[in-house]
Amino acid sequence: MRDRSEIRTTQTAEANSQHPAKGRTIGSIAIKLDKVSKQFEATSAPAVASLNLDIEEGSIVVLIGPSGCGKTTTLRMINRLIEPTSGRIEINGEDVTQRPVADLRREIGYVIQQVGLFPHQTIAANIATVPKMLGWEKARIADRIEELADLVGLESSLLERYPDELSGGQQQRVGVARALAADPPVLLMDEPFGAVDPIVRTRLQDELLELQARVGKTIVLVTHDIDEALKVADRIALLNVGGILEQYSRPDELLAEPANGFVEEFVGEDRSVKRLQLRTVADLPFRRGPVVAATDGVAAARKVMAEYSSEWVGVTAEDVFLGWVRVDDLQTEAPLDALPRSVPAAQVQPESTLRNAMQIIMTSHSSVAVIDDGGRFGGVVTLELIRASLEEETDR
Amino acid sequence: MTRLFAQAQNPIVRWEYFIDEWDQIQRALIEHLQLTMYAVIIGLVVSAGLSAIALRYRWALTPINGFTAFLYTIPSVALFGILVPYFGLSRLSAVLPLAAYTLLILVTNIVAGFNSVSSEVREAAIGMGMTPARRVLHVELPLAMPYIVTGLRIAVVSTVGLVTVAAIIGQGGLGGLILDGLRRAFWTPMTIGAVLSILLALALDGLILVAGRWLTPWEQRRKTAM
Chain A
0 MRDRSEIRTT QTAEANSQHP AKGRTIGSIA IKLDKVSKQF EATSAPAVAS
50 LNLDIEEGSI VVLIGPSGCG KTTTLRMINR LIEPTSGRIE INGEDVTQRP
100 VADLRREIGY VIQQVGLFPH QTIAANIATV PKMLGWEKAR IADRIEELAD
150 LVGLESSLLE RYPDELSGGQ QQRVGVARAL AADPPVLLMD EPFGAVDPIV
200 RTRLQDELLE LQARVGKTIV LVTHDIDEAL KVADRIALLN VGGILEQYSR
250 PDELLAEPAN GFVEEFVGED RSVKRLQLRT VADLPFRRGP VVAATDGVAA
300 ARKVMAEYSS EWVGVTAEDV FLGWVRVDDL QTEAPLDALP RSVPAAQVQP
350 ESTLRNAMQI IMTSHSSVAV IDDGGRFGGV VTLELIRASL EEETDR
Chain B
0 MTRLFAQAQN PIVRWEYFID EWDQIQRALI EHLQLTMYAV IIGLVVSAGL
50 SAIALRYRWA LTPINGFTAF LYTIPSVALF GILVPYFGLS RLSAVLPLAA
100 YTLLILVTNI VAGFNSVSSE VREAAIGMGM TPARRVLHVE LPLAMPYIVT
150 GLRIAVVSTV GLVTVAAIIG QGGLGGLILD GLRRAFWTPM TIGAVLSILL
200 ALALDGLILV AGRWLTPWEQ RRKTAM
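These protein sequence lines map, in sequence, to chains A and B. Be aware that the first sequence starts at 0, since it is given in numbering that gives the first Met the number 0, and climbs by one per residue. Be aware that the second sequence starts at 0, since it is given in numbering that gives the first Met the number 0, and climbs by one per residue.
Hints in this document: simulated from the structure, not taken from any laboratory. Any given hint could be a false lead.
Claimed, not checked - Covered by chain B, per the in silico footprint, the following chain A stretches (three or more residues, Cβ under 8 Å):
hint, region
1, 112 to 118
2, 128 to 136
What the hints assert, rightly or not - Computed far set for chain B versus chain A, every beta-carbon distance over 12 Å:
hint, residue
3, I11
4, I18
5, I52
6, F69
7, G80
8, L142
9, L181
10, R182
11, R183
12, A200
13, L208
14, V209
15, W217
What the hints assert, rightly or not - A few chain A residues that face chain B, going by a derived Cβ cut-off under 10 Å, partial list only:
hint, residue
16, F39
17, E40
18, A41
19, N78
20, L80
21, V100
22, E106
23, G108
24, T121
25, L157
26, R160
27, D163
28, R177
29, D189
Yeah, the Cβ is synthetic: ideal placement off N, Cα and C, and Gly gets one too.
Required output: the full structure, derived from the provided sequences and hints.
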């Protein structure tokens, strides 16, 4: 397995500022699949064939692939909802088959697509399921429920409701809270956001990453949505029909260096555009662009414009970007900040994805976006800069 | 004149009969209630067993349904008669057939109830490490409850009606009053027996309905939410 820490050292910390959970330095192997196979019927082709997979502690690993690739089967073998035909699965070095199955499952959070909340129990009771089985004291359970509701962003007024009274997104949050109730080190998620609409899905994905930044679980997530995989994964395991592992790598690497034709086809023709989704404006080298401070005067402005062969100049006052001034409007007698600023500035934030920045630039009149770093001018982004970033090393 | 007198002699209800025969009416009513309860409780226990078998072994559902449906088709008078040589004119001869008639309804509803539990709820329960016993008791049984309550209501109401037939083997509760009235062409006990039987059925039905609602608060919340 590739040494990740070595790669890490070459990177800047802020490269991962968008999602602190991603890129956390990860140590030991939490889950190890060793030549795991599953054949449902003796005569049929195997659903999973001799799969090896090392999942690092505290990372999000996404299992993805076309239908029939055994991704859900693989997930369900980890908590023994399906028993492997051969091979060995270890959690923290311990063979899962060596433990009473109910005990094992109580230590593994499990979230499924349809959530599977118990309709006859209140939200609070649903969340309390595993702690109750573990025999926690009532007061401790009550505290934990409050804590979890806060963690997943559930109003505490919802706790006494029944699942049918909640929206799909709220139910999914309860599902996550329930899975985390006894603070299990491992969380298995089977298409957790498959049943909600795209807007809610995006929000839940963001919430998962925020949550992960706080709890640092080892998460194995199954999806069929490559964009979801690229967004949430530390590593993606791309499986082919029959449970064959085609590539196991970080999202950016999967896009930049697909191992073979299958991977290339699966990730889609817009690989480059997808890579833009994985990087933020902050990842780009700083570029000031044809921008001057108002106090620098017209001469400085002309000089900068010549340097960039630009017909526009950006003007800042006390590090705040005021707008773009046309070359024709440059008059020697007027102070720079009094000139008409004909084009409103397209703005991006340091944490915006490059894809988002590209979208903003392409719909702006200026072919350039200004970085608004908490109200301060943080440089400019151009299409050229974005394009150049894709030629860099894949290491983030 | 004679005819008018005869009618006057035999009105629908003679109120003084209530007072004179109160002990007998009361006894009949209690006996009726007991027969119904014994029959339904035995029926429920047997149905639970049959349902468990049917749910565990899918192939068993069809023969079990066939058997309970067959029992249901046997005319009650015949069934009471069949048992008398074995158990005499005893309470057992009355209760067993009554219990047998509840099986079709109860097994059907219990099985439907457990089958109504969605697969994702079951999977979540297993995935969180519930033991099979805990899953059945804490998740599947409560979720099957609305169906079971419905089955129980039908079983109880139909059993209350059927108990009257057991009067032919001397065990009919209020049926005894009805039979007595028929034999003597005396309207009063017949009417009292029939009306009390109807009232008993309605009362028990209402009681189970209320108990069922109390047992399934989430269902009530869902209805009001809609």
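So which hints don't hold here, by number, going up?
Hints 8, 15, 16, 17, 18, 25 are the ones this structure does not satisfy, whereas the remaining hints hold.
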